[in-house]
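Colleague: Take a look at the letters that make up each chain.
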Amino acid sequence: MRFKFSLLAITFQVILIILFAIFVTYDTPHHDTHGNSTQSEEDEFIKLYPLFQDVHVMIFIGFGFLMTFLKRYGFSSVGINLLIAALGLQWGTLMQGLWHLHDGHINIDIIKMINADFSTATVLISFGAVLGKTSAVQMLIMAIFEIAIFACNEHLVVSLGAFDVGASMIIHAFGAYFGLSAARVLYRPALKDGHENEGSVYHSDLFAMIGTIFLWMFWPSFNSAIAEAGIDQHRAIINTYFSLAACVLTAYAFSSLVEHKGKLDMVHIQNATLAGGVAVGTCADMNIHPYGAMTIGFIAGIISTLGFKFVTPFLARKLKIQDTCGVHNLHGLPGVLGGLAGIVAVLLGAKPGASAGIQAAALAATIGVAIIGGAITGFILKIPIWGQPPDQNCYDDSLYWEVPLDEEEEHQNHYLEDQGKMKVEA
Amino acid sequence: MRFKFSLLAITFQVILIILFAIFVTYDTPHHDTHGNSTQSEEDEFIKLYPLFQDVHVMIFIGFGFLMTFLKRYGFSSVGINLLIAALGLQWGTLMQGLWHLHDGHINIDIIKMINADFSTATVLISFGAVLGKTSAVQMLIMAIFEIAIFACNEHLVVSLGAFDVGASMIIHAFGAYFGLSAARVLYRPALKDGHENEGSVYHSDLFAMIGTIFLWMFWPSFNSAIAEAGIDQHRAIINTYFSLAACVLTAYAFSSLVEHKGKLDMVHIQNATLAGGVAVGTCADMNIHPYGAMTIGFIAGIISTLGFKFVTPFLARKLKIQDTCGVHNLHGLPGVLGGLAGIVAVLLGAKPGASAGIQAAALAATIGVAIIGGAITGFILKIPIWGQPPDQNCYDDSLYWEVPLDEEEEHQNHYLEDQGKMKVEA
Amino acid sequence: MRFKFSLLAITFQVILIILFAIFVTYDTPHHDTHGNSTQSEEDEFIKLYPLFQDVHVMIFIGFGFLMTFLKRYGFSSVGINLLIAALGLQWGTLMQGLWHLHDGHINIDIIKMINADFSTATVLISFGAVLGKTSAVQMLIMAIFEIAIFACNEHLVVSLGAFDVGASMIIHAFGAYFGLSAARVLYRPALKDGHENEGSVYHSDLFAMIGTIFLWMFWPSFNSAIAEAGIDQHRAIINTYFSLAACVLTAYAFSSLVEHKGKLDMVHIQNATLAGGVAVGTCADMNIHPYGAMTIGFIAGIISTLGFKFVTPFLARKLKIQDTCGVHNLHGLPGVLGGLAGIVAVLLGAKPGASAGIQAAALAATIGVAIIGGAITGFILKIPIWGQPPDQNCYDDSLYWEVPLDEEEEHQNHYLEDQGKMKVEA
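Protein chains in written order, with our numbering: chain A, 1 to 426; chain B, 1 to 426; chain C, 1 to 426.
Just chain A, with the same shape it has in the complex (with noise of 0.2 Å):
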């Protein structure tokens, strides 16, 4: 393996150095009759970046460690995660900055960074849907196909006129179904009955919540940062900050009906406290209501606790798709959810010139192509020569990582040489 990545790695950052020369230059302000720049333009950069830094710090930090609960493959969920979002920015800068030339090139300012950051956000998800089971080669070719794929899907929604600001269905749930399609063509049956691994420690679970936390917090500025400055950016955000809240309470309550005793379960307090700012993205913009906002949360954080406690069970028994981190209690359902709560409101006259058939036919293309992609992409992954881990080292840093011994295996070891010792003496 030594071999293959590195030289992947290094091949691919030769080949997008080679195309930033060609095609991606700075961005720089127009300049009116008298040759002054524009006031305005040189403010929307600095007054949108502390918005590109939240989403910046929901990519790298919040995706990061929400997947660092299992037990032993924290280096991989974090690590893993800063290679191919680090990746998927450049690859994505090209993929969304070719359906938009200018005089054949791509000019960088912070709309631009923020979308580059969106679209690594789609592999990220799909990454949750196979993590612990596939190799870092594995996902930097999945990031240069589903980038690919992502930016003709979110141009063909542009194009037909559908609205989806917080991208419920151009990144959420296209990164979910995408994910599935392609761990259902990666199936193991042998980890069907569960992997030692597969399971959190005390600590591990609150790394996780770190991720949780910041995902939360800046979920707002997620669905914000590319809205119309004004009174629509506006709505988005206080739409956004009311339904994550509203869904918190659903989502404590619903975890507390369907588990054992009446507790809480941290699988579902990580993720589907999350799971308003994903449903109400595509209409955050639009002039819901804060009540409506927080219904649609209220919602959103009941569907996705009963997806983990039943859905996920069925996805993996009948199905056979491998759902590591439940990306479709997250980003599936939810991002449906945002869909169909666009239509809703577009039907309700909250955003003037929507059309509800268009809104249902971005949603109906999404998904569709995300399921064709993503077992395409699959049956890529499948083909032998990506380094995929053996069933028994799945959900294992070790394979990939030098993994320090813990003060608790050295313990372990004293303890098993003085065994023997003993065992000697006795």
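I should point out that these hints are in silico values taken from the structure, not numbers from a laboratory. Ideal Cβ placement from N, Cα and C applies to all residues, glycine included. Incorrect hints may appear among the rest.
To be verified - Each computed DMTMM-like pair below joins lysine to aspartate or glutamate, with the alpha-carbon atoms no more than 25 Å apart:
{"hint": "1", "chain 1": "C", "residue 1": "K263", "chain 2": "A", "residue 2": "E198"}
{"hint": "2", "chain 1": "C", "residue 1": "K382", "chain 2": "C", "residue 2": "D396"}
{"hint": "3", "chain 1": "A", "residue 1": "K261", "chain 2": "B", "residue 2": "D193"}
{"hint": "4", "chain 1": "A", "residue 1": "K112", "chain 2": "C", "residue 2": "D232"}
{"hint": "5", "chain 1": "B", "residue 1": "K263", "chain 2": "C", "residue 2": "E198"}
{"hint": "6", "chain 1": "B", "residue 1": "K112", "chain 2": "A", "residue 2": "D232"}
{"hint": "7", "chain 1": "C", "residue 1": "K309", "chain 2": "C", "residue 2": "E228"}
{"hint": "8", "chain 1": "A", "residue 1": "K320", "chain 2": "A", "residue 2": "D232"}
{"hint": "9", "chain 1": "A", "residue 1": "K4", "chain 2": "C", "residue 2": "D265"}
{"hint": "10", "chain 1": "C", "residue 1": "K261", "chain 2": "A", "residue 2": "D265"}
{"hint": "11", "chain 1": "A", "residue 1": "K4", "chain 2": "C", "residue 2": "E259"}
{"hint": "12", "chain 1": "B", "residue 1": "K318", "chain 2": "B", "residue 2": "E198"}
{"hint": "13", "chain 1": "C", "residue 1": "K320", "chain 2": "C", "residue 2": "D391"}
{"hint": "14", "chain 1": "C", "residue 1": "K263", "chain 2": "A", "residue 2": "D232"}
{"hint": "15", "chain 1": "B", "residue 1": "K318", "chain 2": "B", "residue 2": "E259"}
{"hint": "16", "chain 1": "A", "residue 1": "K192", "chain 2": "A", "residue 2": "D265"}
{"hint": "17", "chain 1": "C", "residue 1": "K382", "chain 2": "C", "residue 2": "D193"}
{"hint": "18", "chain 1": "A", "residue 1": "K47", "chain 2": "C", "residue 2": "E44"}
{"hint": "19", "chain 1": "B", "residue 1": "K320", "chain 2": "B", "residue 2": "D193"}
{"hint": "20", "chain 1": "B", "residue 1": "K47", "chain 2": "C", "residue 2": "E228"}
{"hint": "21", "chain 1": "B", "residue 1": "K263", "chain 2": "B", "residue 2": "E196"}
{"hint": "22", "chain 1": "B", "residue 1": "K263", "chain 2": "C", "residue 2": "D193"}
{"hint": "23", "chain 1": "A", "residue 1": "K309", "chain 2": "B", "residue 2": "E402"}
{"hint": "24", "chain 1": "B", "residue 1": "K192", "chain 2": "B", "residue 2": "D265"}
Stated by the list, open to error - Far from chain B, by Cβ distances over 10 Å, these chain C residues were calculated:
{"hint": "25", "residue": "F20"}
{"hint": "26", "residue": "P50"}
{"hint": "27", "residue": "G64"}
{"hint": "28", "residue": "R184"}
{"hint": "29", "residue": "L306"}
{"hint": "30", "residue": "L319"}
{"hint": "31", "residue": "L340"}
{"hint": "32", "residue": "A354"}
{"hint": "33", "residue": "G368"}
{"hint": "34", "residue": "P384"}
{"hint": "35", "residue": "P389"}
Fit chains B and C to the known structure of chain A by using the hints.
Modeller: Coordinates of chains B and C only, in the frame set by chain A:
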């Protein structure tokens, strides 16, 4: 407990949605006589949004992780913190907004969102006083009562004409004395000699430092977020920045002075380093000069550390107040110091238009309302239907959460099995 | 030690308050001829405040947690980091401000606060070189000396007319060579074959990744915070963004190339992924094109990883420089690369008005001042009154901190007791 907790959370959320439908709407920019919205209003939202997000991080990461220091109570600390803050920000929007209706409506803007987050801070502070000894149901009840009382007291203080831009009095002192008063009512004699779970482990102390550092860094945003734009807001940021820096030096110096063999104590470092932010709150936007701010921080670091060493044991033994997180030392004493510093600053002319007498009245009123409100709430929480944990299950996540078995525990189990076998063999 | 540390910290803080009373005041906006303050000045503070906070996070979370990788030195890493940064930002305000007095005063504005944070970065970098082998008292002394020398060197470089917007030379190379020079003087022969505490455990490596990721995300703010508003600042953000992304790919590729069985090494991932931010610093605001920035990052990731593998062992064995965190690989080599890249960029005309010769002089001067300054400081730190830890207590928090007994240790103790009993029984 299963149904009680779930039913309560769902009921609260449904009521909130209904109240929001009746009362809450977006703030739409005012229009000038030509029908154009004013630029400055649209700008304010996005200008203050980064400060809002800093406060948001303090509430959810800061308070949440600060309390994860307990070895077996991390899930509850960060998890119940999220739950009550999500409830609290919705309820706080209503409770504060009802004092300022426009045409019967609460118009949400960025200032209202910041204030909603502020109102949750009071409950999170009080949560620290009763941490590990209350159920999630009790905390939901406390949030409802405390935020309602907080909003009344805040309205009273503002009506009096007192200044408290960083809320030393109306949030920090209020939250602390409310919580201590409730803790007094909920006194548990069985815990007076401590509890085996009431301590930290190495990594739980590091998780807590995540909370500490985020609180420390973003405190300038907390103290300046609702200050008047311009020089007042700049001063609030600068004063808080330097007060916190000075406070760190004295917190470390006095921690070493009072501890065994001159060692540093994590409890002091996690908490007393923040006292400078609390204590400079009331006069943050006043013309107290940077060295004035540093002097306040200098004293706060000392008072807070000495509070942990001498006052907390006194409260526990003599006044029967078991203050789990030592909120009296981080929010109570420094909050009072902040109120007193405000009086001195006003006497020295640092805030034109302010009155020292009114500042003193605000401080006294706040402490009085907090103690009475906390006691009443404490008695309500004592009604034996809210699922208060039994003494032996205090400070233990496993009462309310599915807790994974740690590897060390697994090892331990294997070890015990092996021991059993060995004994048999021997 | 008790009194020495406490007395020193209190004395420093008292002196700082006195010096602030004499020299430091708020920056009040200038007024135009009509007596109105200019809008743009008021705006600059709040526009740059988010970038300041990003830098603040890098200093306190980034540097603090990056160093928590050691298994038993996390309290000191994040705790002493906080202590010396809190001292350093006050001292840096004075040391930098004294070169720019207005009417005998230092007028604090947002740029001065950003620079104050920057000046602490030099000490935190040097701290990494001597981590685990110095006392808190020694670090306070080092902070005082290093920041004073840094401010002189910075003034020298600016006076020469050199450009270094992201401070590859004056912060990163300076801090690294200062620290390495001090580490050389403080060489400990007994540690030349390593120390049992000089390694990580699984979760300490995850804590360190919190530091890495926050540094990685916010580096564009570090490199652009004091750039000229407008296109220069935008370029600094864009260049850093893409340099860091490219750097990740090569850091991973080369980590796998040089390690046993092609595995990834956490030390490389935690550090070398950041080298792109360091190396693009000097020419961040220059017109080097995005692909130029990526090329710099590409090289930085390679150099840094190879540095860890080959240069660090060489320094330790041949030059007697024990560089605990490998700051030479993260800040030293990439800092020099940044200085050289600046020279090349200036030669290629990327910065009108700049001179390659002056850039080279600035780089040489900085390294010279750092090595001499570090050596002098090292000899001062070697005076045996500062409580330097004995060899066997290096890398161990329990020398200076109250450290809780871990559960595993408790288990171990029980186990040893049980063993004792069993032996007796046997």
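Colleague: Each of the hints needs a verdict: does it hold here or not?
Modeller: A quick look at each hint next to the structure:
1. A distance of roughly 22 Å separates the Cα atoms of K263 (chain C) and E198 (chain A); the hinted pair therefore holds under the 25 Å criterion.
2. Distance check on the hinted pair: K382 (chain C) and D396 (chain C) sit about 20 Å apart at the alpha-carbon level, within 25 Å; holds.
3. Proposed proximity of K261 (chain A) and D193 (chain B) is contradicted: the alpha carbons are some 31 Å apart, above 25 Å.
4. Distance hint between K112 (chain A) and D232 (chain C) is fulfilled; the C-alpha atoms sit about 18 Å from each other, no more than 25 Å.
5. Restraint check for K263 (chain B) and E198 (chain C): the C-alpha separation of about 22 Å stays at or below 25 Å, so the hint holds.
6. At roughly 18 Å between alpha-carbon atoms, K112 (chain B) and D232 (chain A) fall within 25 Å of each other, so this suggested pair holds.
7. Distance check on the hinted pair: K309 (chain C) and E228 (chain C) sit about 38 Å apart at the alpha-carbon level, beyond 25 Å; violated.
8. With a C-alpha separation of about 42 Å, the suggested pair K320 (chain A) and D232 (chain A) falls outside the 25 Å cut-off, and the hint is violated.
9. For the given pair, K4 (chain A) sits about 17 Å from D265 (chain C) by alpha-carbon distance, which is consistent with the 25 Å threshold.
10. For a cut-off of 25 Å, the pair hint linking K261 (chain C) to D265 (chain A) is broken: about 39 Å separates their Cα positions.
11. Between K4 (chain A) and E259 (chain C) the CA atoms are separated by roughly 14 Å; this keeps the pair inside 25 Å, and the hint holds.
12. For the suggested pair K318 (chain B) and E198 (chain B), the alpha carbons sit about 20 Å apart, so the restraint of at most 25 Å is met.
13. Taking the CA atoms of K320 (chain C) and D391 (chain C), the gap is about 16 Å. The hint holds against a cut of 25 Å.
14. Under the criterion of a C-alpha separation no larger than 25 Å, the hint pairing K263 (chain C) with D232 (chain A) is inconsistent with the structure, at around 48 Å.
15. At roughly 22 Å between alpha-carbon atoms, K318 (chain B) and E259 (chain B) fall within 25 Å of each other, so this suggested pair holds.
16. Distance restraint check for K192 (chain A) and D265 (chain A): the Cα-Cα separation of roughly 22 Å lies within the 25 Å cut-off, and the hinted pair is therefore satisfied.
17. A hinted pair counts as satisfied when its Cα atoms are at most 25 Å apart, and K382 (chain C) with D193 (chain C) qualifies at roughly 22 Å.
18. For the proposed pair K47 (chain A) and E44 (chain C), the alpha carbon gap of about 12 Å is at most 25 Å, so the pair holds.
19. For the suggested pair K320 (chain B) and D193 (chain B), the alpha carbons sit about 12 Å apart, so the restraint of at most 25 Å is met.
20. Of the supplied pair hints, the one linking K47 (chain B) and E228 (chain C) holds, its CA atoms being roughly 20 Å apart against a limit of 25 Å.
21. With a C-alpha separation of about 23 Å, the suggested pair K263 (chain B) and E196 (chain B) falls inside the 25 Å cut-off, and the hint holds.
22. Restraint check for K263 (chain B) and D193 (chain C): the C-alpha separation of about 29 Å exceeds 25 Å, so the hint is violated.
23. A threshold of 25 Å between alpha carbons decides the hint, and for K309 (chain A) with E402 (chain B) the separation of about 14 Å falls inside it, so the pair holds.
24. Note on K192 (chain B) and D265 (chain B): the hinted pairing holds, with a Cα-Cα distance of about 22 Å set against a maximum of 25 Å.
25. Consistency note on F20 (chain C): stated as away from chain B, yet its beta-carbon is not over 10 Å from all of that chain's, at 4 Å minimum.
26. P50 (chain C), annotated as away from the interface, has a beta carbon of chain B within 10 Å; the closest lies near 4 Å.
27. With a least CB separation of 6 Å from chain B, G64 (chain C) falls inside the 10 Å interface cut-off, contrary to its annotation.
28. Once the 10 Å rule is applied to beta carbons, R184 (chain C) is consistent with being away from chain B; the minimum gap is 28 Å.
29. Every CB of chain B is more than 10 Å from the CB of L306 (chain C) (nearest about 31 Å), matching its label as outside the interface.
30. With a least CB separation of 33 Å from chain B, L319 (chain C) remains clear of the 10 Å interface cut-off, as annotated.
31. No Cβ of chain B comes within 10 Å of the Cβ of L340 (chain C); the nearest lies about 34 Å off, and the non-interface call holds.
32. With a least CB separation of 33 Å from chain B, A354 (chain C) remains clear of the 10 Å interface cut-off, as annotated.
33. With a least beta-carbon separation of about 31 Å from chain B, G368 (chain C) lies farther than 10 Å from that chain, consistent with its non-interface assignment.
34. Listed as outside the interface, P384 (chain C) is consistent with that label: its C-beta sits roughly 18 Å from the nearest C-beta of chain B, beyond the 10 Å cut-off.
35. At the 10 Å boundary, the C-beta of P389 (chain C) stays outside the reach of chain B, the nearest C-beta of that chain being 13 Å off.
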